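*Asks:* Fit chain B to the given chain A structure using the hints.
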Amino acid sequence: GAGVSQTPSNKVTEKGKYVELRCDPISGHTALYWYRQSLGQGPEFLIYFQGTGAADDSGLPNDRFFAVRPEGSVSTLKIQRTERGDSAVYLCASSLGGGTPGELFFGEGSRLTVL
Amino acid sequence: TQLLEQSPQFLSIQEGENLTVYCNSSSVFSSLQWYRQEPGEGPVLLVTVVTGGEVKKLKRLTFQFGDARKDSSLHITAAQPGDTGLYLCAACIMNRDDKIIFGKGTRLHILP
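Chains as they are written, first to last, in the working numbering: chain A, 403 to 517; chain B, 369 to 480.
It should be emphasised that the hints constitute simulated quantities derived from the structure, not laboratory data. Quick caveat: nothing in here was measured; it's all calculated off a predicted structure. Any given hint could be a false lead.
Derived pair list, reagent style DSBU-like, types lysine-lysine, alpha-carbon separation capped at 30 Å [to be verified]:
| hint | chain 1 | residue 1 | chain 2 | residue 2 |
| --- | --- | --- | --- | --- |
| 1 | A | K417 | B | K472 |
| 2 | B | K425 | B | K472 |
| 3 | A | K480 | A | K417 |
| 4 | B | K424 | B | K467 |
| 5 | B | K472 | A | K480 |
| 6 | A | K413 | B | K472 |
| 7 | B | K467 | A | K480 |
| 8 | A | K413 | A | K480 |
| 9 | B | K427 | B | K438 |
| 10 | A | K413 | B | K467 |
Pulled out of the complex, with its shape left as it was, chain B reads as follows:
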């Protein structure tokens, strides 16, 4: 059973378009993180959200944590080829200390 469901699995769009990817679960999380991974490298943290309903912005990226802390979204405005990569959500289960689990990821490809 996959605790964190990410959708879509793959997304290929033209440069300049907007997109949203999702991370969903039936479990409540104490916090949720988004990472980006490029081939041959480990994931790199983009953001951590902790409070239900929280919205964080990182340049053209907007992250939202659901009110019930069960889901999150990542919205990219005016996508650029440099945004290409594997986007992973990761979460710490309530009352499970620092155990962090990952979703399967959304593989994003931005066409120039």
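For reference, chain A alone in the conformation it holds in the complex:
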């Protein structure tokens, strides 16, 4: 498809487990963003990539969270030793990048539930 694709759409895990969430952006988009959204709240910035490098990771809550984008396309958000407070919808967005912010195109999100 032509849009941003996120997998899995739903993930239920147990406290303490490791989780990976994948984002496949729109082809040609150099900027990629990860946000976390709790029920009834706006998206909370986590990290954004310009190409392969993390241009700003100031929103990652702690060192249990890590994200990579090794080839400048697909990105993986990794969460170690999950906690119940990590439960949320994790949204990925991509844009053309390159200076003036353009339109963010979002995926449908990965809903993470930590039991």
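*Replies:* Only chain B this time, still in chain A's reference frame:
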């Protein structure tokens, strides 16, 4: 500290009424965007405003960027049930490249 304050948090009005929602900050932004989000989906861009004082219209929606580029408003004329959703403002902080942050949103419900 919430950089972008949106008000009201919730708004429920009758079809046909007019409404205005607000996005405020103490920071200056290089640009500001409004998105709309429906349940189970990601936000979708409505408009981007860049120049202080700029006004943009999208059918029954009017967006304004404050002169000092610290605030914005969204006015809906003759609201319809299809306008129901979560309205989010998002902004790029000056000199912070493409980092885009969001407000908590205004949840709008239009009663038929």
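*Asks:* Please write out, lowest number first, the hints stated earlier that are contradicted by the structure.
*Replies:* none
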